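S.K.: One line per chain: the protein sequences are Y and P, in this order.
Taking our numbering, the leading residue of the first sequence gets -12, the next gets one more, and so forth.
Taking our numbering, the leading residue of the second sequence gets -12, the next gets one more, and so forth.
Honestly, the hints are just simulated from the structure, not real lab data.
Some hints here could point you the wrong way.
For chains that are exact copies, the list does not tell them apart, and a pair is met inside one copy or across any two.
Stated by the list, open to error - The list that follows gives simulated cross-link-like pairs (lysine to aspartate or glutamate, DMTMM-like), each with its CA atoms no further than 20 Å apart:
hint: 1; residue 1: K314; residue 2: E292
hint: 2; residue 1: K356; residue 2: E344
hint: 3; residue 1: K0; residue 2: E243
hint: 4; residue 1: K214; residue 2: D311
hint: 5; residue 1: K201; residue 2: E80
Source: prediction; values computed, not measured.
Here are the chains, one letter per residue:
Number of protein chains: 2
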Amino acid sequence: MLMIPGPTPVPEKVLLAMAQRPIGHRSGDFSKIIAEINEGLKWLHQSTNEVLSLTVSGTGAMEAGIINFLSPGDHVLVGVNGKFGDRWAQISETFGLNTTRITAEWGQPLDTEEFRSYLEADSNKEIKAVIVTHSETSTGVLNDLETINKYVKAHGEALIIVDAVTSLGAYNVPIDDWGLDVVASGSQKGYMIPPGLGFICVSDKAWKAYETAKFPRFYMDLGKYKKANLKASSPFTPPVNLMYGLRVSLQMMQRESLESIFSRHQRLTNATRAAVKALGLKLFAADDCASTAVTAVDPSPISAEDIRKIMSSKYNIALAGGQDHLKGKIFRIGHLGFVSDRDILAGIACLEATLMELGHDVKPKAGVKAAAALV
Amino acid sequence: MLMIPGPTPVPEKVLLAMAQRPIGHRSGDFSKIIAEINEGLKWLHQSTNEVLSLTVSGTGAMEAGIINFLSPGDHVLVGVNGKFGDRWAQISETFGLNTTRITAEWGQPLDTEEFRSYLEADSNKEIKAVIVTHSETSTGVLNDLETINKYVKAHGEALIIVDAVTSLGAYNVPIDDWGLDVVASGSQKGYMIPPGLGFICVSDKAWKAYETAKFPRFYMDLGKYKKANLKASSPFTPPVNLMYGLRVSLQMMQRESLESIFSRHQRLTNATRAAVKALGLKLFAADDCASTAVTAVDPSPISAEDIRKIMSSKYNIALAGGQDHLKGKIFRIGHLGFVSDRDILAGIACLEATLMELGHDVKPKAGVKAAAALV
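Could you build the full structure based on these sequences and the hints that come with them?
M.R.: See the structure below:
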């Protein structure tokens, strides 16, 4: 049982769709599948922009989202309050962008005022992009994208480039309403399918920047993908079987509706957080910046790794550990994608039993009771 | 029934493996799968070099094989006698390499003497790489890689970068014996699994070039993949379910043995070519440069598209068409990967029936008889 923030559980219906024999990716039949997927992706992104599907992981999607719209030496602001923000800063630096890191401690949200002051001070309009991780998977912090985006819009020139890898399909990200320019995500998260596809939704403003952007690109040249999208095709061989799965998962999501998907994720987040508190453990992110995809828990003085080991060996539940300097200090509970109330209650019940086994003073059923009150 | 040069048919056992629930890609259990796959890939590549697995299509693997070992302005020779050679030249040009195209007409093999004269004349050792498509999928031509490589070795400085996308697993490519530096391939070909993974086998000499190569790279930074390989890990989230399938397909290949795999492909190629001749159609590539992955056929004055349509609608067999200027002029029969004698006889029998339906003067059973004599 996967309770990590990706890969997330995959519905049986999706797995069976993926087990179908591949057909030719240039056939009319496959073109119909691409067309259906493209419509579904637009629906999921709440956007009329083309959503491009690349055979890459989430990092590949973010790299494509950066190098297609910028040129060497461009000034960018990158929000860094966790492993993924740090990764986007690394990509920006690797490609020779003039990178200003706007940092916050891991576990804290980015300070929107810092973005405001940089953007307001930039009267020469030299900031070409603001790069933000919406839901920081490494810490369970949801950054205030809406506010940061308002300052970007007030600036007028800069693009807003968003890592929505663990927010898309878990939290309301109204791309067109907010006017987000580049939004990247990956298949093994809210999409409920295995890893292997990255997605990028691109605004008209970003396509204008694309025309003058100067990084060389071929495999990740998004212009090629846009052109192919408009013909329900793909520039390079797509992962046919994964797309069989994606078609089915998008159908399932459409049947559930965005509103229900978002409220389910909020409900499971609330229940998880209430249970963690009731069990006497510390939530790593505050309530007002809690990701609806993943909850990070600081169990000190109990060892996070001891908890993960028992959860895995005795209950066959995979929890994620901490990354980088948080290794061993926190554990993370994924509640993203194909996850139900039952799954959360099961996970909390096992966590409760694990804590008791480790000698932690837990009121019997405290966690389950707290979670059950909210599901 | 897929008779195209990729995606190729996938064994049921592999499809069912892919339908298993994903597990965490950072777990010990998945690390064991990676370790087994890495050993299998080395076996398949006949190499002690690390074989790196990237979530990309074949084009992505080739791009990674080029940008990790070269710097802007480097002089490279690129063999171009079909769509894929042309693509590598485009990538080289896109990234600002000083690109000399060594061309041959589509359907003809590359002239090895041209490579020799460029390399021998290069006394200042300015040629940094020779980029060759081994089996040119668009035309069914197998280029004489062994001879070209000898001239590269005599040059001493240049790397040999090979597109083995439709030769690996279909033809003997003894990477270590020949001393090939960079060999790229893709999953949906000889590997017998769906598209979604690209592979790159890198020599020590190429790793030395990597140290000084200057293209910025992050997602495609092969150093990251090598480091991860040595820990049976991956730098970014791998396509977990496709790797389940790859483990099984590598096991199947190892049971069959490389020798048997190569001789099967040679036998099916011989049978296909004999049948095409017996049916009075023209082989697009000559016998002495015939790919063992795909046979291109020039059916003029019969329309290639008419043949493909009937084969598809009446017999549910997908043949590939011609690409670029060969569109409508040739069709291509894939006999790569999970293909048996029975499949070839079935395909030829249906092709024979199709030709009769189109009013072509065919001796009854000529094709099947010619093929059957060789399987």
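S.K.: If a hint holds in the structure, say so; if it doesn't, say that too.
M.R.: Each hint, compared with the structure:
Proximity of K314 to E292 under the C-alpha cut-off of 20 Å is restricted to the intra-copy arrangement: shortest distance 9 Å within a copy versus 59 Å between copies. Taking identical chains as interchangeable, the C-alpha atoms of K356 and E344 lie at most 20 Å apart only when both belong to the same chain, with a minimum of 19 Å there against 73 Å between chains. Proximity of K0 to E243 under the C-alpha cut-off of 20 Å is restricted to the intra-copy arrangement: shortest distance 15 Å within a copy versus 33 Å between copies. Proximity of K214 to D311 under the C-alpha cut-off of 20 Å is restricted to the inter-copy arrangement: shortest distance 17 Å between copies versus 40 Å within a copy.
Within a single copy, K201 and E80 get their C-alpha atoms as close as 16 Å, and across copies as close as 14 Å, so both meet the 20 Å cut-off.
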